[in-house]
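Construct the entire structure; sequences and hints are all you get.
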Amino acid sequence: MKPDDLGVHPRTSSVHAVMRDDPGPTAEECLGRTTHFREDMRHGGGSCHAVSDMLSRIGDKWTLVVVSYLGEGPMRFNEMRREIGNISQKMLTVTLRNLERDGFVTRTVTPTRPPQVEYALTEMGHCLLVPVTGLARWTLDNIARIEAARADYDDRDGAAAGK
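Count the sequence shown with this note's numbering and you get residues 280 to 442, in order.
Just so you know, not all the hints are guaranteed correct.
As the list claims (entries may be wrong) - Derived CB-CB ranges, DEER-like: (1) His-405 x Asp-431: 38 to 44 angstroms; (2) Ala-439 x Glu-402: 48 to 54 angstroms; (3) Asp-433 x Arg-361: 35 to 41 angstroms; (4) Ser-367 x Asp-332: 23 to 29 angstroms; (5) Gly-441 x Glu-362: 45 to 51 angstroms; (6) Gly-364 x Glu-397: 17 to 23 angstroms; (7) Trp-417 x Gly-441: 31 to 37 angstroms; (8) Ser-367 x Glu-307: 40 to 46 angstroms; (9) Val-396 x Asp-434: 46 to 52 angstroms; (10) His-405 x Ala-439: 28 to 34 angstroms; (11) Asp-339 x Ala-440: 27 to 33 angstroms; (12) Arg-376 x Ser-326: 40 to 46 angstroms.
It should be emphasised that the hints constitute simulated quantities derived from the structure, not laboratory data. Since the structure is predicted, the reported quantities are computational estimates derived from the model, not experimental observations. All C-beta atoms, glycine included, are put in the ideal place defined by N, C-alpha and C.
This is the structure we're talking about:
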């Protein structure tokens, strides 16, 4: 899977605005899909915290970009840094360590001079691409509606501030 398949631009990590005529599912259809999730959250003990923690991890600035690049296959650190472009060495290191700690990425060191370090997605990391791709596609499918809602809100908010 290429980073562009997720709607993530490899150089700016921004979502491409793709307009579609299809307005997407209705609110009723969307709400029907959440019932099972809400029940799990109510009766899952600490699952609310776990979900919040994981959403924070995958929703940070760099995680989805790194995962999308590794979705194409294993990469060495410097190769990934060059490809992503605008990520600092420190942020790439922190992101990869967090992904490794959570079980999404493996780190393989080849004992050469200098040592070669390669990162790859684990099976769970590849599975993460499924909902991530779904969320990226949802964003692309709804970007026109989101932008219209923001413009409407900004117009109302600006009008209220001007009173």
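Structure-based check of all given hints:
no.	hint	verdict
1	His-405 x Asp-431: 38 to 44 angstroms	39 angstroms, holds
2	Ala-439 x Glu-402: 48 to 54 angstroms	51 angstroms, holds
3	Asp-433 x Arg-361: 35 to 41 angstroms	38 angstroms, holds
4	Ser-367 x Asp-332: 23 to 29 angstroms	24 angstroms, holds
5	Gly-441 x Glu-362: 45 to 51 angstroms	46 angstroms, holds
6	Gly-364 x Glu-397: 17 to 23 angstroms	20 angstroms, holds
7	Trp-417 x Gly-441: 31 to 37 angstroms	34 angstroms, holds
8	Ser-367 x Glu-307: 40 to 46 angstroms	45 angstroms, holds
9	Val-396 x Asp-434: 46 to 52 angstroms	51 angstroms, holds
10	His-405 x Ala-439: 28 to 34 angstroms	47 angstroms, violated
11	Asp-339 x Ala-440: 27 to 33 angstroms	32 angstroms, holds
12	Arg-376 x Ser-326: 40 to 46 angstroms	25 angstroms, violated
In summary, the numbered hints that this structure violates are 10, 12.
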